[in-house]
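Protein chains in written order, with the UniProt record's numbering: chain A, 1 to 213; chain B, 1 to 858.
Think of the hints as simulated: they come from the structure by calculation, not from any bench.
Watch out, some of these pointers could steer you wrong.
Stated by the list, open to error - Once the Cα atoms are required to be at most 35 Å apart in a straight line, the calculated DSBU-like pairs of lysine-lysine come out as:
#: 1; chain 1: B; residue 1: Lys529; chain 2: A; residue 2: Lys101
#: 2; chain 1: B; residue 1: Lys364; chain 2: B; residue 2: Lys272
#: 3; chain 1: A; residue 1: Lys175; chain 2: B; residue 2: Lys518
#: 4; chain 1: B; residue 1: Lys428; chain 2: B; residue 2: Lys484
#: 5; chain 1: B; residue 1: Lys638; chain 2: B; residue 2: Lys542
#: 6; chain 1: B; residue 1: Lys303; chain 2: B; residue 2: Lys577
#: 7; chain 1: A; residue 1: Lys101; chain 2: A; residue 2: Lys141
#: 8; chain 1: B; residue 1: Lys272; chain 2: A; residue 2: Lys56
#: 9; chain 1: A; residue 1: Lys75; chain 2: B; residue 2: Lys638
#: 10; chain 1: A; residue 1: Lys101; chain 2: B; residue 2: Lys272
#: 11; chain 1: B; residue 1: Lys795; chain 2: B; residue 2: Lys842
#: 12; chain 1: B; residue 1: Lys577; chain 2: A; residue 2: Lys75
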Amino acid sequence: MAKQYDVLFRLLLLGDSGVGKTCLLCRFTDNEFHPSHISTIGVDFKMKTLVIDGIKVRIQIWDTAGQERYQTITKQYYRRAQGIFLVYDITSERSFQHIMKWASDVDEYAPDKVQKILVGNKSDEVDKRQVATEQGIKLAKAYGMDFFETSAFTNHNITETFTRLAEQVLAANKKDLDLLRMSINDELNLAALEEEEGLCDGAAGDQRKGCWC
Amino acid sequence: MFCRIFIYTHRRMAITADDVSLEDIVPISLDFAVVEVSSPEELVVVGADTRVRISFKDQELELRLPFGSHSRVFLGEVNKAWSDVCRSPTQAPTFEWISKYHKGTRGQGVVKQAIAPLGTTLTKLSQHRKTEKSSDKKGTLEKEKGSNSGTQKSRGFSSQESREERDDLVRSSSHTPSNKAQILAMPQFGLRDNLIRCELLKNEDLYTYLEHFSFFLGTYNVNGQTPKESLRPWLGCTLNPPDIYCVGFQELDLSKEAFFFNDTPKEQEWTKAVFEALHPEAKYAFVKLVRLVGIMLIFYVKKEHAEFISDVETETVGTGIMGRMGNKGAVAIRFRFHNSDICVVNSHLAAHIEEYERRNQDYKDICSRLQFRQNDPTQPPLTIMKHNVILWIGDLNYRITDLDVDKVKELISKKDFETLHSYDQLKKQIDEEAVFEGFEEGEIDFQPTYKYDTGSDKWDTSEKCRVPAWCDRILWRGKNIDQKHYQSHMALKTSDHKPVSSLLVIGIKRVNGDAYKKTFEEIVRNIDKMENECIPSVTLSKREFHFEDVKFMQHQAETLSLFNDGQVPCQFEFIQKPNEPTYCKPWLTANPSKGFIAQGGSADIELEVFVNRSTAPELNSGTQQIEDILVLHLERGKDYFISVTGNYLPSCYGTSLHSLCQLREPIQDMPQETLRELAEMSGTENAANTEKPLDIPKELWMMVDHLFRNAIKQEDIFQQPGLRSEFAEIRDCLDTGMPDSLPGSNHSVAEALLLFLDALPEPVVPYSFYQQCLECCSNASQCEKIVSMLPQCHKNVFNYLAAFLRELLKNSASNRLDVSILVTIFASLLLRSSTKQDLAEKRKTQEFFQHFLTQGSS
Numbered sequence: 001m002a003k004q005y006d007v008l009f010r011l012l013l014l015g016d017s018g019v020g021k022t023c024l025l026c027r028f029t030d031n032e033f034h035p036s037h038i039s040t041i042g043v044d045f046k047m048k049t050l051v052i053d054g055i056k057v058r059i060q061i062w063d064t065a066g067q068e069r070y071q072t073i074t075k076q077y078y079r080r081a082q083g084i085f086l087v088y089d090i091t092s093e094r095s096f097q098h099i100m101k102w103a104s105d106v107d108e109y110a111p112d113k114v115q116k117i118l119v120g121n122k123s124d125e126v127d128k129r130q131v132a133t134e135q136g137i138k139l140a141k142a143y144g145m146d147f148f149e150t151s152a153f154t155n156h157n158i159t160e161t162f163t164r165l166a167e168q169v170l171a172a173n174k175k176d177l178d179l180l181r182m183s184i185n186d187e188l189n190l191a192a193l194e195e196e197e198g199l200c201d202g203a204a205g206d207q208r209k210g211c212w213c
Numbered sequence: 001m002f003c004r005i006f007i008y009t010h011r012r013m014a015i016t017a018d019d020v021s022l023e024d025i026v027p028i029s030l031d032f033a034v035v036e037v038s039s040p041e042e043l044v045v046v047g048a049d050t051r052v053r054i055s056f057k058d059q060e061l062e063l064r065l066p067f068g069s070h071s072r073v074f075l076g077e078v079n080k081a082w083s084d085v086c087r088s089p090t091q092a093p094t095f096e097w098i099s100k101y102h103k104g105t106r107g108q109g110v111v112k113q114a115i116a117p118l119g120t121t122l123t124k125l126s127q128h129r130k131t132e133k134s135s136d137k138k139g140t141l142e143k144e145k146g147s148n149s150g151t152q153k154s155r156g157f158s159s160q161e162s163r164e165e166r167d168d169l170v171r172s173s174s175h176t177p178s179n180k181a182q183i184l185a186m187p188q189f190g191l192r193d194n195l196i197r198c199e200l201l202k203n204e205d206l207y208t209y210l211e212h213f214s215f216f217l218g219t220y221n222v223n224g225q226t227p228k229e230s231l232r233p234w235l236g237c238t239l240n241p242p243d244i245y246c247v248g249f250q251e252l253d254l255s256k257e258a259f260f261f262n263d264t265p266k267e268q269e270w271t272k273a274v275f276e277a278l279h280p281e282a283k284y285a286f287v288k289l290v291r292l293v294g295i296m297l298i299f300y301v302k303k304e305h306a307e308f309i310s311d312v313e314t315e316t317v318g319t320g321i322m323g324r325m326g327n328k329g330a331v332a333i334r335f336r337f338h339n340s341d342i343c344v345v346n347s348h349l350a351a352h353i354e355e356y357e358r359r360n361q362d363y364k365d366i367c368s369r370l371q372f373r374q375n376d377p378t379q380p381p382l383t384i385m386k387h388n389v390i391l392w393i394g395d396l397n398y399r400i401t402d403l404d405v406d407k408v409k410e411l412i413s414k415k416d417f418e419t420l421h422s423y424d425q426l427k428k429q430i431d432e433e434a435v436f437e438g439f440e441e442g443e444i445d446f447q448p449t450y451k452y453d454t455g456s457d458k459w460d461t462s463e464k465c466r467v468p469a470w471c472d473r474i475l476w477r478g479k480n481i482d483q484k485h486y487q488s489h490m491a492l493k494t495s496d497h498k499p500v501s502s503l504l505v506i507g508i509k510r511v512n513g514d515a516y517k518k519t520f521e522e523i524v525r526n527i528d529k530m531e532n533e534c535i536p537s538v539t540l541s542k543r544e545f546h547f548e549d550v551k552f553m554q555h556q557a558e559t560l561s562l563f564n565d566g567q568v569p570c571q572f573e574f575i576q577k578p579n580e581p582t583y584c585k586p587w588l589t590a591n592p593s594k595g596f597i598a599q600g601g602s603a604d605i606e607l608e609v610f611v612n613r614s615t616a617p618e619l620n621s622g623t624q625q626i627e628d629i630l631v632l633h634l635e636r637g638k639d640y641f642i643s644v645t646g647n648y649l650p651s652c653y654g655t656s657l658h659s660l661c662q663l664r665e666p667i668q669d670m671p672q673e674t675l676r677e678l679a680e681m682s683g684t685e686n687a688a689n690t691e692k693p694l695d696i697p698k699e700l701w702m703m704v705d706h707l708f709r710n711a712i713k714q715e716d717i718f719q720q721p722g723l724r725s726e727f728a729e730i731r732d733c734l735d736t737g738m739p740d741s742l743p744g745s746n747h748s749v750a751e752a753l754l755l756f757l758d759a760l761p762e763p764v765v766p767y768s769f770y771q772q773c774l775e776c777c778s779n780a781s782q783c784e785k786i787v788s789m790l791p792q793c794h795k796n797v798f799n800y801l802a803a804f805l806r807e808l809l810k811n812s813a814s815n816r817l818d819v820s821i822l823v824t825i826f827a828s829l830l831l832r833s834s835t836k837q838d839l840a841e842k843r844k845t846q847e848f849f850q851h852f853l854t855q856g857s858s
């Protein structure tokens, strides 16, 4: 039996304020749903352990403030993510249109090999739907992403969505992981690895105190 | 660091330190070697002694080490010490100091036979083993190893057991993927995994199910005999082949050699006999053998089950002479079979009919002293009682009392074993809970197994004519155990005992993969939840702070209260945003900006706004706003954003002379737009503004005029500080035009003037002229020439101020001012360096300005 490894990586929830990012996170990690909307002002995170292909994967899921005024700050968190959820609300055409802006920010600020997934939340609110499933599918296809419609309220597709992105991140980093497996026996911290790479890039993190986490 | 092996000898059994004497010291140096002496013709049996040869320079020692972990540890240390020496070959100690310990009698090249001590004695001496600082000058470390030997010339010693595990078929299968608990037991996972392991153990019932396996247990006191007949009637008596065999012997060898050196040829003979007598319809794998003098236990498993056996360990405990020797005692094997931990003990307890309390004591000693090492060194040793299933066999030596021999024999002939059993010491002792607590024994439906005339079924006819007894017993402790048979085997006549066997069907815990996965996930989910609850967290009294009417040099503060509502103490800190040099804008501070809050505690942070001369210009012009977002970071936790907003009231303080000259109205009556446009044009002479600019800023005029009219004779003017509150009034008056005349004392107005000059974004002598001024500071006309080249409004202000100061000097008798005082004060305000000014530069600026105060012209 080969030794087991812990892998740790970061996933980031992005999208307009009110699309349900915090609810998705609560449903996934605590299996809870709080219908009242309290804006996330800041960056929150929770841990979750998944077992994928026999590898114990610990994911740190970051929930960001969606409000526009905070976006210059939240963008700075993209750099540390290995996977990103782009979330819109199927009852809000506007939040769907903003996905393009979110996606272009991700292209600009997130690492090149970051994995993305498109999520249309609130799928239970059929009566108020403004964005057709086909539109979501089409957009995801254009970006080359996977797409899920979810409902944090009914717990529809939640685990599937998170697991899929985690699998994608794992697959995208498979080569590095295999290399590491041969060299170290300790817990693998993919997130830390990424940071090291960042430092090698040079000026990027020179005067930063390294407390952006 | 050098290591040595200390060799001790003793004449009699070593009990106290006086019994041993130092015989030799072998340094572990480069020419030290330890090799295992292999003997290919011999069958290698697990549990047998290991022979090794130690060589050092011209000496050679051949040693035999008793089987067991103590030897293993010792040899491990030797190996380690030797490889340390190899790693640092530069040091070549000569060990001359050893010679004084050498006895002169030793010849060269003599191969000394060293015979291993009895296992028990070694055990005891091993406890004396210690590492200590030697007293020699090098301050080296010595490894001291106590060891003993028998009488003659032989020297007791311990040596290396080969590192490779010997044909220990089962050990290699101990890490099969099917063994989930094993995977989890890997130590590198740390605390989190310990938690998971603990929870898994607690919830074992949820993911395991019972599967039944048959265990054949046999015990036979062979009275020192060699096998003379097939053991098949005993070991092959079951209809179907058992899954597991645990076969125990006592009195395997009664010779002195066996006793003193734990060495006997009988081990192999009986092992062979057992192997040949196992059930013929199945193939068995040898797993383990353990022996202490005459007490031996052999463990076989059906081949197909071998991969599910793991964590096999053996231990021995002597309870014989001195309470330690191996003539009595126990050997034990522990192992894990699927998910159940099983311990098999074979014991030979104290003899003699009246010694039942001694037997009880032996049992207790065995239970407390027999401890298995665990794979994970951080775990405490396992005792017998920690196992799910305990199978205890052996010659327990309990007798039948209170009946005379004839009565016993009569009951036996009537097969009234029930009545006879009521006189059995073991039964009585168990009933009194004096021994074997929690153990069970099946009904005895066979005649006593002791004592017969060897080679017959006749009761002891010797002169002692012992009372028959059920010495040989099989007991168990644990759940889901069902006895299928419990019998003796009269057909075997080799010994004065008859062998006993029992077939137990035991429910073994097997892992249900799906249920295991579910349980595992549930546990992980709970631990995740726990972990998430332990992420530091605080609540904030306010997330948005608004500062109304912020003014130049007017301090404002608001309190942000943090309450630690998390389950752990937390450390907070405002962290800087990327591309910004500090955690907040320069006009803002958070005090304290970092700190620690105990669980349930709170902390107050003052958010303070203060606009000074360096932040004022951009706020005046509107290129900056009172607007910032602070990031409050909790270590290992989340980040909170705190927004700070406010409105700033523009001021003449921090506004350029150029802009002020364009403003005919008070600055606060001007639209923001105008101020920004003015700031943008600043420096470009004669902008689009059609209106003729003022000669000098009206604010400057107001202050100077006020002083000229009211303070020309004021004692200590410009030397005595003003009042802060009056400054605020003066500032507001200048910025709003209300009231008509300046409030406050002369000193306050004087200070307001100085502050005004100080706050100018571009000094009266602009930065671009500064260097020139320094260069020609000694030449008055050159200095005047420079001033004439200044931008119009700057030139006006300069001349205006110089004229005013000269007026003041005319009244020096009253105001006590002189040139040097004014030069010192004003030179540094009018001529500022954009970089740090040194003392020499400062003197030059004063020299420059002095020309304008001493000359007569304007």
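Structure-based check of all given hints:
With a C-alpha separation of about 34 Å, the suggested pair B/Lys529 and A/Lys101 falls inside the 35 Å cut-off, and the hint holds. This hinted pair checks out: B/Lys364 and B/Lys272 have alpha carbons roughly 33 Å apart, not beyond 35 Å. Under the criterion of a C-alpha separation no larger than 35 Å, the hint pairing A/Lys175 with B/Lys518 is consistent with the structure, at around 30 Å. A distance of roughly 24 Å separates the Cα atoms of B/Lys428 and B/Lys484; the hinted pair therefore holds under the 35 Å criterion.
Annotation: proposed proximity of B/Lys638 to B/Lys542 holds, straight-line Cα distance about 17 Å (limit 35 Å). Pair hint B/Lys303 plus B/Lys577 does not hold up; C-alpha atoms about 66 Å apart against a cutoff of 35 Å. Annotation: proposed proximity of A/Lys101 to A/Lys141 holds, straight-line Cα distance about 17 Å (limit 35 Å). For the hint linking B/Lys272 to A/Lys56, the alpha-carbon distance of about 48 Å lies beyond 35 Å, and the restraint is violated.
Proximity of A/Lys75 to B/Lys638 is assessed by CA-CA distance (about 16 Å); at most 35 Å being required, the pair is judged to hold. Simply put, A/Lys101 and B/Lys272 have alpha-carbon atoms about 81 Å apart, too far for the 35 Å limit, and the pair is violated. With a C-alpha separation of about 21 Å, the suggested pairing of B/Lys795 with B/Lys842 holds against the 35 Å cut-off. Restraint check: the Cα-Cα separation between B/Lys577 and A/Lys75 comes to about 11 Å, which is no more than 35 Å; the hinted pair holds.
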